[in-house]
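Colleague: Starting from the given sequences, assemble the full structure and let the hints guide the process.
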Amino acid sequence: MSAAPQVALAVVLRVLVRATDPARREAMRKLVVDAGHLPVDSPSAADVVLSDQVHAGFAAMPEHGGQSLFTPRELEVLGAIGDGLTNKMIARRLDISPHTVKFHVESLLRKLGARTRAEAVAKAREHRLSNTVEL
Amino acid sequence: MTELIEQFSSELAARTAALQGAVAAIRLPRGRYVSAILWRPDVVVASEQSLPEREEFDLVLPGGAQAKARLAGRDAGTNIAALRLTQPAAPPVLAPGEAQAGALALALGADGSGGVSARLGLVNLAGPQWHSLAGGLIDRRIALDLRLARAEEGGPVFSAAGAFLGMSTFGARVRVLVIPAATLERIVPLLLKDGRVARGWLGVALHPVAVPDALHATAGQPSGMMVMSLAEGGPAAKAGIVPGDIVLSVNGAQALGFRRIAAQLAADSIGRTAALRVVRGGSVLSLDAVVGARPAA
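Chains A and B, in that order, give the protein sequences. Quick note: the first sequence uses the working numbering, first residue 1, plus one each step. Quick note: the second sequence uses the working numbering, first residue 136, plus one each step.
No lab work stands behind these hints, which were simulated from the structure alone. Check each hint, because a few of them may be wrong.
Claimed, not checked - In silico SDA-like links for lysine to any residue, alpha-carbon gap of 25 Å or less: (1) B:K373 to A:K123; (2) A:K30 to B:A366; (3) A:K111 to B:G355; (4) A:K30 to B:T353; (5) B:K203 to A:R125; (6) A:K30 to B:A345; (7) A:K123 to B:P378; (8) A:K111 to B:A345; (9) B:K373 to A:P72; (10) A:K111 to B:A354.
Stated by the list, open to error - Okay, the calculated beta carbon distance ranges per label pair: (11) A:G79 to B:F143: 22 to 32 Å; (12) A:S51 to B:G379: 42 to 52 Å; (13) B:A333 to A:S42: 22 to 32 Å; (14) B:G355 to A:D95: 25 to 35 Å.
As the list claims (entries may be wrong) - Partial list, computed: chain B residues near chain A (C-beta under 10 Å): (15) F305; (16) R310; (17) W336; (18) A345; (19) P357; (20) M363; (21) S364.
All values reported here derive from a predicted model rather than from experimental measurement. Built from N, CA and C at the ideal position, the CB exists for glycine as well.
Modeller: Shown next as structure tokens:
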């Protein structure tokens, strides 16, 4: 008999997933299913709500006066860092030179005020969540 | 000196007692409740974000009487929900007043059994109008220098003179904000009439980006809004917008900030054409989208 530990779920929760970004919502739904819980669509049928909102509360629409913005290329590099890719792998994925990747990464770290790649990914996620508006 | 403090204290208590007739409690699941304002004899106003999605609510009126109310409408844009009581109550008349930074503010909440809870603080900020993340226009930015319990959200806020400043709510980072009386006057009648506040909608999630150097001259502006995601079958998707496009302008209004674009999507924009200028793959395109109505949150 296999001695693999079995994790028994005490309860199956009905979970309402809330995210403005459809791709993100889908990823969160998958997380819920993989954890053995049941995603539901109606708030009245839900035991708990899983939301990607960092700040609860009635928030103001952000204005980005003066703060440094990322270029589309920097956003791509940021996404690749988030996927755990090295500079060499990013260069291959985006079809640019490793030197250019290094340049973009340095620019990203500076703009985000981050010291490590992991810190940059975390800060960028928060930045993106609070600066993406559905219109 | 003691007399002055006692006088101040008893005036506050008297004010609270005189105004507590405007505070109701809305029952929530699992024995919890949230505060609300008896705005008119048959209309109750509450913080939209605090209410579960339901049509019928059980209320506790001032004095402890039980009541039932039906949801008349909710607007996430201004964070206002309006409910209609099945039996009219007898609230005090709320005389609206203007908030002034540095002045005292008295925030009332419900205690869940017909009584009142009170908080005193300064009007921390009384600024100009602002847009919420959900696209609503709030007439003034009023923040209070006080703490509020979860259950006290949605109660009325008064000036020292007893004038009605608005409804308390939580902003970002649990900061206590006031939805001004003027915004309630503007939005609640719309909710009672139509059940919602119509707002224009493109069906895009936008994120500000810098326009790449090579495209500065063509774009004619330093930044734009990248399309991060699209609502399937939404107005922008129908117009041929794809994720990754950088929106430069909407109806000629440069996409340098969210408010400028939101201003193009007022209620009267629904059904009209919005001219979009976007950057895609190194060139600038012009696309026309028919503005839709923003679906309920």
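Colleague: Are the Cα atoms of K373 (chain B) and K123 (chain A) separated by 25 Å or less?
Modeller: violated, 34 Å
Colleague: Taking 10 Å as the limit, does the beta-carbon of F305 (chain B) come near enough to a beta-carbon in chain A?
Modeller: holds, 4 Å
Colleague: CB of G355 (chain B) to CB of D95 (chain A), is that within 25 to 35 Å?
Modeller: holds, 28 Å
Colleague: Run the distance test for K111 (chain A) versus G355 (chain B): straight-line Cα separation, threshold 25 Å.
Modeller: It holds: about 23 Å lies between the C-alpha atoms, which stays within 25 Å.
Colleague: Does W336 (chain B) hold up as a contact with chain A if the rule is Cβ-Cβ below 10 Å?
Modeller: holds, 7 Å
Colleague: Take the C-alpha atoms of K30 (chain A) and T353 (chain B), compute the straight-line distance between them, and say whether it is at most 25 Å.
Modeller: violated, 42 Å
Colleague: Cβ-Cβ distance between A333 (chain B) and S42 (chain A): within 22 to 32 Å?
Modeller: holds, 24 Å
Colleague: Regarding the hint that A345 (chain B) lies at the interface with chain A, is the smallest CB-CB distance below 10 Å?
Modeller: Holds. Min distance 4 Å.
Colleague: Do the alpha carbons of K30 (chain A) and A366 (chain B) lie within 25 Å of each other, as the hint requires?
Modeller: holds, 20 Å
Colleague: Is it true that the CA of K111 (chain A) sits at most 25 Å from the CA of A354 (chain B)?
Modeller: Since the Cα atoms of K111 (chain A) and A354 (chain B) sit roughly 23 Å apart, the hinted pair holds (cutoff 25 Å).
Colleague: Once the shortest beta carbon distance from R310 (chain B) to chain A is found, is it less than 10 Å?
Modeller: holds, 7 Å
Colleague: Hint validation: S364 (chain B) versus chain A, beta carbon distance must be below 10 Å. Holds or violated?
Modeller: With a minimum Cβ separation of about 5 Å from chain A (threshold 10 Å), the hint on S364 (chain B) holds.
Against the hints set out earlier in the document, violations occur for numbers 1, 4, 5, 6, 11 and 12.
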